[in-house]
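Visitor: Sequence order for the protein chains is L and Y.
Per our numbering, the first sequence starts with residue 1, numbered consecutively.
Per our numbering, the second sequence starts with residue 419, numbered consecutively.
Just to be clear, a hint being listed does not mean it is correct.
Label pairs and their in silico Cβ distance ranges [stated by the list, open to error]:
hint, chain 1, residue 1, chain 2, residue 2, range
1, L, Glu166, Y, Gln661, 52 to 60 Å
2, L, Lys180, Y, Gln588, 40 to 48 Å
3, L, Glu166, Y, Lys598, 32 to 40 Å
4, L, Asn62, Y, Glu623, 50 to 58 Å
5, L, Arg40, Y, Ser472, 28 to 36 Å
Below are the BS3-like pairs computed for lysine-lysine, each with C-alpha atoms no more than 27 Å apart in a straight line [stated by the list, open to error]:
hint, chain 1, residue 1, chain 2, residue 2
6, Y, Lys627, Y, Lys594
7, Y, Lys722, L, Lys181
8, Y, Lys481, Y, Lys722
9, L, Lys176, Y, Lys434
10, Y, Lys831, L, Lys209
11, Y, Lys744, Y, Lys722
12, Y, Lys505, Y, Lys771
13, Y, Lys481, Y, Lys721
14, L, Lys379, L, Lys326
15, L, Lys379, L, Lys353
16, L, Lys304, L, Lys63
17, L, Lys326, L, Lys304
18, L, Lys16, Y, Lys598
19, L, Lys303, L, Lys87
20, L, Lys326, L, Lys303
21, Y, Lys505, Y, Lys722
22, L, Lys180, Y, Lys434
23, Y, Lys721, L, Lys16
24, L, Lys63, Y, Lys599
25, L, Lys16, Y, Lys722
26, Y, Lys481, Y, Lys434
27, Y, Lys831, Y, Lys771
28, L, Lys353, L, Lys303
29, L, Lys326, L, Lys87
30, L, Lys16, Y, Lys594
31, Y, Lys505, Y, Lys481
32, Y, Lys598, Y, Lys627
These are computed hints drawn from the structure, not numbers from a lab.
Please read all numbers here as calculations on a predicted model, not as lab measurements.
Where a beta carbon is used, it is the ideal one built from N, C-alpha and C, also for glycine.
2 protein chains.
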Amino acid sequence: MNETNTGSITNFDYWKSAYAGRASNLSVSEVRALFAVVSRPEVVSLAGGMPDVSELPTEGLNKAFDSLVSTRRDLALQYGGGQGDAKLREQIVEIMALEGIQGSAEDLIVTTGSQHGLDLLADLFIDPGDVVLLESPSYVGAVGIFRHKEADMAHVHTDNDGLSPEALQQSITELKAQGKKVKLLYLVPTFANPSGVTIPTHRREEILKICESEGVLIVEDNPYGQLYFDEVPPDAMRSMSEQHVVYLGSFSKILSPGLRVGYVLAPPAIREKLTLANESSILSPAMFGQMLVSEYLTVNDWKKQITDYRDIYRQKRDAAIEAIDKHLPDIQTTRPRGGFFLWVTMPEGVDSKAMLPLAVSELVAYTPGTAFYGNGMGKNNLRVCFSHPSVERVSLGIQRLAGVINNQIDLLKTFDAE
Amino acid sequence: MNETNTGSITNFDYWKSAYAGRASNLSVSEVRALFAVVSRPEVVSLAGGMPDVSELPTEGLNKAFDSLVSTRRDLALQYGGGQGDAKLREQIVEIMALEGIQGSAEDLIVTTGSQHGLDLLADLFIDPGDVVLLESPSYVGAVGIFRHKEADMAHVHTDNDGLSPEALQQSITELKAQGKKVKLLYLVPTFANPSGVTIPTHRREEILKICESEGVLIVEDNPYGQLYFDEVPPDAMRSMSEQHVVYLGSFSKILSPGLRVGYVLAPPAIREKLTLANESSILSPAMFGQMLVSEYLTVNDWKKQITDYRDIYRQKRDAAIEAIDKHLPDIQTTRPRGGFFLWVTMPEGVDSKAMLPLAVSELVAYTPGTAFYGNGMGKNNLRVCFSHPSVERVSLGIQRLAGVINNQIDLLKTFDAE
Chain L
1 MNETNTGSIT
11 NFDYWKSAYA
21 GRASNLSVSE
31 VRALFAVVSR
41 PEVVSLAGGM
51 PDVSELPTEG
61 LNKAFDSLVS
71 TRRDLALQYG
81 GGQGDAKLRE
91 QIVEIMALEG
101 IQGSAEDLIV
111 TTGSQHGLDL
121 LADLFIDPGD
131 VVLLESPSYV
141 GAVGIFRHKE
151 ADMAHVHTDN
161 DGLSPEALQQ
171 SITELKAQGK
181 KVKLLYLVPT
191 FANPSGVTIP
201 THRREEILKI
211 CESEGVLIVE
221 DNPYGQLYFD
231 EVPPDAMRSM
241 SEQHVVYLGS
251 FSKILSPGLR
261 VGYVLAPPAI
271 REKLTLANES
281 SILSPAMFGQ
291 MLVSEYLTVN
301 DWKKQITDYR
311 DIYRQKRDAA
321 IEAIDKHLPD
331 IQTTRPRGGF
341 FLWVTMPEGV
351 DSKAMLPLAV
361 SELVAYTPGT
371 AFYGNGMGKN
381 NLRVCFSHPS
391 VERVSLGIQR
401 LAGVINNQID
411 LLKTFDAE
Chain Y
419 MNETNTGSIT
429 NFDYWKSAYA
439 GRASNLSVSE
449 VRALFAVVSR
459 PEVVSLAGGM
469 PDVSELPTEG
479 LNKAFDSLVS
489 TRRDLALQYG
499 GGQGDAKLRE
509 QIVEIMALEG
519 IQGSAEDLIV
529 TTGSQHGLDL
539 LADLFIDPGD
549 VVLLESPSYV
559 GAVGIFRHKE
569 ADMAHVHTDN
579 DGLSPEALQQ
589 SITELKAQGK
599 KVKLLYLVPT
609 FANPSGVTIP
619 THRREEILKI
629 CESEGVLIVE
639 DNPYGQLYFD
649 EVPPDAMRSM
659 SEQHVVYLGS
669 FSKILSPGLR
679 VGYVLAPPAI
689 REKLTLANES
699 SILSPAMFGQ
709 MLVSEYLTVN
719 DWKKQITDYR
729 DIYRQKRDAA
739 IEAIDKHLPD
749 IQTTRPRGGF
759 FLWVTMPEGV
769 DSKAMLPLAV
779 SELVAYTPGT
789 AFYGNGMGKN
799 NLRVCFSHPS
809 VERVSLGIQR
819 LAGVINNQID
829 LLKTFDAE
């Protein structure tokens with residue numbers, strides 16, 4: 001049947017037999033449907049990982065725009081190079097230095113959000129069947145990219161200190177024994193999406209040592225590193241190795257995701273290939289967006305702005321944890337020290353995907369745990385994102401969610417008892 | 419040897435053995451090096467296909483920004499949906515109607531320039547070895563994408579009325595007889611890049627009939643259709659068929675390429691897959707850029723702006739043709755009635771790529787013809803882009819170019835005579 005089911009509409013697909021093999025790996029993400037839910041004001045969305053852009057001062061944005069128009073207007077309106085604006089890349093070097101990274105603007109590529117950086121990188125390395133190692137759980141957007149590239153995704157055991165080096169070594173050994181090509185290890189080492197956990201320095205060193213010895217390239221995705229609430233997190237893994245780590249960064253969480261400006265720091269040969277891939281894909285990243293970011297950094301006190309964000313998100317994290325302690329005292333959750341997320345583990349038998357419509361009817365939304373795995377795991381997990389709603393609504397949302405979860409657990413107990 | 423040559427620098431490439439198969443198809447485009455050349459003010463660049471953004475009124479841009487900040491600021495700064503802003507899509511429907519297209523905003527996807535639309539579409543349809551049919555010559559950026567996707571590119575005979583329907587039928591028949599899968603026909607039917615030629619209505623109908631009968635999807639790329647200088651061009655091919663044409667449009671030539679806002683109009687099932695692919699690749703197109711375009715269209719007289727562009731580019735076209743008639747009277751060139759380009763055919767034996775450094779030393783740049791083929795053809799051709807320099811500098815550039823070409827022809831004659 002030449003039919004494709006797109007939600008409620010069934011479209012006849014004349015071209016179905018013409019699609020490439022990889023097209024079958026494009027599936028509706030579990031996060032996408034939530035964009036519609038989030039827009040209903042009565043629902044508290046703990047779902048999409050959105051920053052609180054209402055906290056960005058309009059004055060700073062206006063100053064950046066005025067400065068851009070008066071200094072580099074025609075360059076901003078024109079095509080640019082595939083590697084991105086040179087001035088912005090110099091500024092990114094300064095930002096990365098905050099996390100111990102000594103990188104050169106020459107080795108940076110600006111991308112359409114760090115998502116596109118990961119997409120280009122995966123395209124560069126992954127032949128169908130190649131293995132990508134991931135945290136358990138891992139970022140939904142990365143799982144989507146690797147699925148689309150027909151990678152074999154292997155999730156490695158992860159605990160409250162992030163990815164386990166022992167489990168990593170064991171996975172690589174087993175996969176290689178099966179004749180698999182293990183190409184990449186994708187990590188969000190600091191305030192991970194979705195778990196919120198952070199890998200301590202000693203584990204970073206062990207993971208790096210294993211990957212160096214096994215010839216596996218580490219892809220370090222670090223959008224949240226600057227958003228710490230308690231102590232300063234460990235330096236980025238890229239600070240420990242230039243050759244074995246490709247680093248992805250982003251302005252989406254410290255400025256605005258609507259500008260789609262991210263970046264990749266890579267060894268020269270990879271950087272050169274990524275630049276070519278960027279050009280092939282989009283000709284050049286948007287000069288206007290890049291230069292607006294660059295002017296924003298130039299004319300505003302962006303370090304102060306990040307400090308303000310830390311305060312705002314800390315309050316929301318605190319509200320989330322307090323509400324969990326109060327309403328879900330027996331449920332296992334991570335305790336993030338930065339970032340946007342915490343990870344809830346419910347008793348076996350509670351299905352977070354099946355529970356979602358019930359939650360929405362109680363006016364709260366979240367992301368089901370299976371979204372963060374390439375292998376169907378995560379059924380009894382869910383991700384709470386506390387960054388977007390107000391402090392009060394974070395509390396309210398978790399209270400509502402607790403009601404739904406506790407109901408499910410009661411049902412489960414009743415069912416078990418019968 | 420794990421080495422990759424990147425211009426003058428030879429980088430050791432530790433990861434060379436880890437790249438995917440398709441990575442070997444990423445090559446430095448012949449257009450890229452020209453971005454460096456174009457920035458030297460003494461060189462008249464007839465190379466990169468850049469619009470003259472200096473003609474965009476700053477007042478209109480300011481009004482658009484102010485309107486955006488006062489009406490949809492937080493939406494513009496936030497993540498959006500993978501299909502793009504709904505208001506902008508409604509406005510695009512109006513723009514497409516100018517070329518006879520009856521499309522729905524529901525069937526539109528906003529992309530990061532139309533280049534990304536083509537990249538996503540190629541990714542959706544092309545397995546390695548699948549055939550893409552192209553004009554002779556074809557757009558350099560499309561050739562790059564199809565090479566990257568490991569397509570088999572077949573250039574079809576093209577004359578001053580664009581692609582030949584007879585040659586198209588013959589190519590398809592031959593390729594199918596060889597067991598090839600002929601997936602796409604990529605066309606710039608109106609004011610083509612690089613030739614400047616336009617396919618008349620009767621040929622459009624014949625081409626469509628052939629593709630319908632042979633099951634080949636037409637990809638109609640139409641960035642220049644509104645920039646006509648003489649009579650109004652034929653309606654878009656998409657106006658003749660909803661099912662067999664995927665339409666690519668762009669704001670790069672009528673507003674600004676620095677915003678990277680293009681769009682794809684596709685049958686519902688393809689549109690749904692492209693939206694998923696867009697999300698996988700970049701999460702969502704930049705809301706800020708999309709909404710800035712949308713506000714620009716809302717608060718400015720954009721139709722008047724396009725009329726102004728027609729006048730500006732007509733003058734440049736006239737200057738180019740006049741200079742060619744004066745300085746290169748015996749050389750064969752196309753005579754574009756719109757768009758940015760004309761195509762020069764020099765005598766056999768003149769090598770436009772080898773000639774480029776000579777031209778640059780005479781302070782003029784162009785794009786060598788081989789850039790527009792996937793098969794090495796186009797050696798004695800070159801593309802002249804008259805859109806970016808001032809009228810006076812278009813004349814000056816062609817005068818300089820004529821000196822270089824005439825020198826080459828004289829050399830060739832001397833060599834032949836010996």
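Visitor: Next step is simple, just say for each hint if it's right about the structure.
Guide: Results of checking the hints against the structure:
no.: 1; hint: L:Glu166 / Y:Gln661: 52 to 60 Å; result: holds (56 Å)
no.: 2; hint: L:Lys180 / Y:Gln588: 40 to 48 Å; result: holds (46 Å)
no.: 3; hint: L:Glu166 / Y:Lys598: 32 to 40 Å; result: violated (51 Å)
no.: 4; hint: L:Asn62 / Y:Glu623: 50 to 58 Å; result: holds (52 Å)
no.: 5; hint: L:Arg40 / Y:Ser472: 28 to 36 Å; result: violated (45 Å)
no.: 6; hint: Y:Lys627 / Y:Lys594; result: holds (17 Å)
no.: 7; hint: Y:Lys722 / L:Lys181; result: violated (58 Å)
no.: 8; hint: Y:Lys481 / Y:Lys722; result: holds (16 Å)
no.: 9; hint: L:Lys176 / Y:Lys434; result: holds (19 Å)
no.: 10; hint: Y:Lys831 / L:Lys209; result: violated (65 Å)
no.: 11; hint: Y:Lys744 / Y:Lys722; result: violated (33 Å)
no.: 12; hint: Y:Lys505 / Y:Lys771; result: violated (45 Å)
no.: 13; hint: Y:Lys481 / Y:Lys721; result: holds (16 Å)
no.: 14; hint: L:Lys379 / L:Lys326; result: holds (24 Å)
no.: 15; hint: L:Lys379 / L:Lys353; result: holds (7 Å)
no.: 16; hint: L:Lys304 / L:Lys63; result: holds (16 Å)
no.: 17; hint: L:Lys326 / L:Lys304; result: violated (33 Å)
no.: 18; hint: L:Lys16 / Y:Lys598; result: holds (18 Å)
no.: 19; hint: L:Lys303 / L:Lys87; result: holds (18 Å)
no.: 20; hint: L:Lys326 / L:Lys303; result: violated (35 Å)
no.: 21; hint: Y:Lys505 / Y:Lys722; result: holds (21 Å)
no.: 22; hint: L:Lys180 / Y:Lys434; result: holds (18 Å)
no.: 23; hint: Y:Lys721 / L:Lys16; result: violated (38 Å)
no.: 24; hint: L:Lys63 / Y:Lys599; result: violated (54 Å)
no.: 25; hint: L:Lys16 / Y:Lys722; result: violated (42 Å)
no.: 26; hint: Y:Lys481 / Y:Lys434; result: violated (50 Å)
no.: 27; hint: Y:Lys831 / Y:Lys771; result: holds (19 Å)
no.: 28; hint: L:Lys353 / L:Lys303; result: violated (39 Å)
no.: 29; hint: L:Lys326 / L:Lys87; result: violated (49 Å)
no.: 30; hint: L:Lys16 / Y:Lys594; result: holds (19 Å)
no.: 31; hint: Y:Lys505 / Y:Lys481; result: holds (18 Å)
no.: 32; hint: Y:Lys598 / Y:Lys627; result: holds (20 Å)
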